[in-house]
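A.B. asks: Residue strings, one per chain:
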Amino acid sequence: MSSYVGDAADAPKFQTAAKNLVRNTQVRHNVKRATDVIRNKRAKVVAEMPDWEQLRDSGHEIKQHVMRHLDFYLEQFEKNCTAAGGTVHWARDADEANSIIVGLVKAQQAKEVIKVKTMTSDEIRLNVALEKAGITPYETDLADLIVQLGEDKPSHIVVPALHRNRMEIRQIFLDKMNLTELSDKPEDLAGAARSYLREKFLRVPVAISGANFAIADTGSICVVESEGNGRMCISLPRVLISLVGIEKIIPTFQDLEVFLQTLPRSATGERMNPYNSIWTGVTPDDGPQEFHVVLLDNGRTKVLADREARETLDCIRCGACLNACPVYRQTGGHAYGSMYGGPIGAILTPQLQSMQHSQTLPYASSLCGACYEVCPVKINIPEILVHLRGKVVENGDAPFEEKMAMKAAAWVLESPEHMDRARKLGRIAQKPFVTNGVIKHLPFGLDAWTSVRDLPAMPAESFREWWVKREKGSNG
Amino acid sequence: MQISLFITCYNDTLFPQTGKAVVSVLEKLGHSVEFRPAQTCCGQMHYNTGYQQEALPMMEHFLEVYRGAEVVCIPSSSCVAMIRDHYPKMAAASGDASIKRAVKNLLPRVFEFTELLVDHLGVTDVGAFFPHAVALHPSCHSLRSLKLGDRPAKLLGNVRGLTLVDLPNSEECCGFGGTFAIKNADVSAAMLSDKIHSLLNSGAEICAAVDNSCLMHIGGALSRQRSGMRVLHLAEILASRDGLEAAK
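As they're listed, the protein sequences go chains V and S.
Under the numbering used here, read the first sequence as residues 12 to 487, first letter to last.
Under the numbering used here, read the second sequence as residues 392 to 639, first letter to last.
Please note: incorrect hints may appear among the correct ones.
Stated by the list, open to error - DSS-like, lysine-lysine: derived pairs with alpha carbons at most 27 Å apart: (1) V:K418 - S:K480; (2) V:K55 - S:K538; (3) V:K483 - V:K435; (4) S:K480 - V:K414; (5) V:K402 - V:K313; (6) V:K55 - V:K43; (7) V:K414 - V:K402; (8) V:K451 - V:K435; (9) V:K480 - S:K419; (10) V:K480 - V:K442; (11) S:K480 - S:K538; (12) V:K52 - V:K389; (13) V:K418 - V:K451; (14) V:K402 - S:K480; (15) V:K90 - V:K122; (16) V:K52 - S:K538; (17) V:K389 - S:K495; (18) V:K435 - V:K402; (19) V:K418 - S:K491; (20) V:K164 - V:K196; (21) V:K451 - V:K414; (22) V:K90 - V:K451; (23) V:K418 - V:K442; (24) V:K211 - V:K196; (25) V:K24 - V:K480; (26) V:K389 - S:K419; (27) V:K24 - V:K418; (28) S:K491 - S:K419; (29) S:K480 - S:K491; (30) S:K495 - S:K538; (31) V:K313 - V:K389; (32) V:K435 - V:K414; (33) V:K187 - V:K143; (34) V:K313 - S:K480; (35) S:K480 - V:K389; (36) S:K491 - V:K402; (37) V:K164 - V:K43; (38) S:K419 - V:K483.
Honestly, the hints are just simulated from the structure, not real lab data.
Isolated chain S (complex conformation) (with noise of 0.2 Å):
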């Protein structure tokens, strides 16, 4: 199968080691993968700031560079969520017939990461092998806006080796929220005091998620407190084959 890669900006920038991952187990299952080089944000900071008019020409560009892809893949819920909710509220609100077309034609070809694997590839298993105790961040957009449900712990749970522990309060928000941690950062700071409390307790080595943004928040203060734990994106654990992640 022919599958497009949507990086997202922020993993093109500060994360590439997340998108090398997603290539080289999409690969290892026989596929192949695109990157259109044109691609640049799907508008979603804009958009949750309150930026909607700003959001706008973000999604045309989406569309345009996504136009006739068979399967476009994104490592990142909330930018899947973005497009699954707010697109077509968009469309319509634009008012313009040839964008609510594209959008529709679009929306059930775009898959987050793991919905890829298991709904549309029916893939639980990817070989891979990661001998160390994990903990999963069910990220807010994973859990309540895409309902990825079990779907990532049933591909860690056959990574050989891997170990996966109980998350405390799991589905409480870590606090990133986009600008809403810059904006509330006492708040935001206070809400990832209470994380990072239940991720220490969990006694994993690794916190893992489906989305980077959380992880950037999660990790950022795991690294500050020197707290003996990091974070990973769950492609780099599902494209580990001997134990290692890959190069940064």
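Here chain V stands alone, though its shape is the one from the complex (with noise of 0.2 Å):
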């Protein structure tokens, strides 16, 4: 049994990956200028909202109130499911969610299932255990097909193949689907995509599918897409299969009023989304016959029980955060060795793997709170890292020289005395540093700054000297 996320337990800490992915200026160029787009689309058709603020704190209540209930949520979806004629399977875990679908796959006998986008079955990493069962998964939502023909991995929640260009798509496409000519314009891309897919779509007879939103009281599945190819993959083969995280679950059809304004606005920044598919249980000879949810938790009840970090789970995956923040757009999503990269990332991946290697990740963001300010849930992400932070220290995980240099600030700063004397040393220990009033370098770690800034040299008086002789001064 294990409880792991994509392949961060592998990944290298944050800091690794980013230097080397700030130094690519490809990557660089491409992450700037989607998330340049998709911004300023989304402040747009968020300007013209006057209620937005009212629906970032409904979407937040609705999603606080879930978390409060989720046993009788998850409970209640489950009856109502299984009424409308599906059949709900629990999953504690990766490996749990991967037995029941590989289980349900083999029973059709089936080689070859379709995929619309779920994130969720790349964090238990579905792909590679139907592999092992020898059935072969077909991505068809564009990006994650650029994704998956170029063995690559996704790079955003919402636009995984992000990092790439139309030049590198191209040639992807050129080498994967076994074409002699093809342009790199968008259409000609799409129409390449298209051809290769649409025969999958006829053929094959089992669908995966994640969940936007899973509905207790009606037992409902929610899935909002642009391509229209989640329309096909819920609607045309014999068998459809849905990973839901248990997170995913909003009490009533009306709380939808609510994510469907939010969630296209932040994702992507349309008004709505151009395909909204919602679909309950089986009906007879339209659309799949036999329907099955798998309910995941892998690590999410763990996240529930910290009230500190619980809001973690609200997320609805807008990836509005990434497109924000200003880390993720100098490194892109691969920094974050997990699917959920990004400032959301941050939080939920150290949080469902148990930290591990995972643990620099509550260190990457400058806490500039520009993810909160737009996450339409009203995740306030700063402050759970901040949570986040304090676990790595008190779990003695933090690196040996930060804890000494952290220990020695704090006796520094513990008395107006302890400072003076911390000066008076750091005076002396600076004149060898120092030209024209300030260091250009200096040694071990601390160079982490001066290889790229100058440090003020401390001046001969602080402000504490200037004052004390002022008011001697001033009374003499």
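Take each chain as given, in its own frame, and dock them per the hints.
C.D. replies: So, in structure tokens, the structure goes:
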């Protein structure tokens, strides 16, 4: 039994991955361009909503309510989904979910499945499990297809191939679709993907989807998308399997009113998604005749138990925080070692996979607050980052040098006398490093600062010393 | 009014000229400024890096030092944000009723420098003269935590001779982030490079802000690159009467 989150456990430290990525000019250019476009679109359609802040508040309240009563709503969902002809499966972790899904596909004697964008399936490494069982998964979302054919990893929650430009995409398609000719015009690239996928939509008998929302009072699943591939996947095959994280529950059908306004605006800067699919169980002779829902925990109840970090589960995966994040915009998603990149990934991944290698992620932020400002369900990401940093330190996982430095600093800042002593020592110690009033080079770990910036030298007189002199002067 | 100055640990040590400027501006407005010598640090660096246990005694010390103060003025928005956003939570976590009370009592009397001037003292023109082209970097805490809005720009707008130039992408973080600049030096440097790019394109001669921490970061790169541009805390511009900066 293991609760892994993609390849997060084997991923390098954020700093190590970021060091290479900030030097990759192509990735930086692609990511900045793409996020700029989405950000501007989002800003425009959010500005036209007079009740945007109220919608954010409502989304936050609905999600907080669900998290307080998750047990109730999950069982209500199961009851209503079952009554409508669906079958609900419960999976504690990635391995359980994978074996349920592989079992369901095998029962159909199917050798292939089509998939509509589900990040949760990347989380549990479903494609690896399927391939191991001799089943070929086909991603049908254009960006996911680019990532799959390019043997690549997703770099964004909503637009997973955002680190690629169209010349790169053309090359991937030429290589993997056995084409002899293809231009890099967006419509030609989309056309190539369409021909490649259409044949599979019509032939493959089993589809796997994720869910944007699972509606408790009707037992329905809701998926929103832009390309229509989702609509194909949920209507054409004989069997449909939906993999759903337990945090995707919303209480009532009417709650969609809030989220179907905030999600598309936040995610792609659209007023409404081109395709909003909502389905309930099985309808005789119409659409899939077998429908399964796999409800996945995989660490989520552990997040739920931490009151300080519970809000993490409110996320509706719009990706607005990624586009807003100045850290993400420099590195792209691959630095985060998980399909959940950016600010939300920096709080989600380390919690889902019990810190391990992802303990560097809570530090992958300058705490600038841009993520919190755009979040459509008002997750206070900076606050949760600081909370998780506290856990890293509490668990003794902080670097040794840092612990020593923080201890020393705590002593210095304990009293003005200690500060005075440290300043006097500092003024002597800095002497060999000061030129023209600045320090251009420092030894040891401190060259992380001086490698690209000067540091002001400590002046001969502190404010405090000046004040004491001034007081003496005015009294005498 | 009796205004108690919390200079902050790094301004005290590295940027005394900012403190002198704050004193000068407030005294010229007819207020009396006091400096309580027992003051040290708000605990922000420890708290935000995950050393919340170490930050707790700093908060208790701060509460003790400023007990009974009429108004506390802080020329650093990130320290005010630390106090306003995190002290109530830290107090609640401590389970100590007297700490909770002390935080509740003190918070409404703690002001960032431009908040104090504009909101509390009702001043937007301090009679300064500073004939230079200035770009304002709205630091993240001033913008998104304190929501200072146009307060700093209003104050600068009323300075004689000053040209406030437009800074492209001004709301993007400069990449300082406290220990982030050391722990994630590469990303921090990349973010800084964007900020420097915007600043150099703005046509300003000076980059101003209400936080010397961001300015130390931005100024460090401007100086390293021999950019011909420098940084100044907003208080130092407001203290200028002769178009020159106060003696360092």
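A.B. asks: Broken hints, numbered, in rising order?
C.D. replies: 15, 18, 22, 25, 26 and 28
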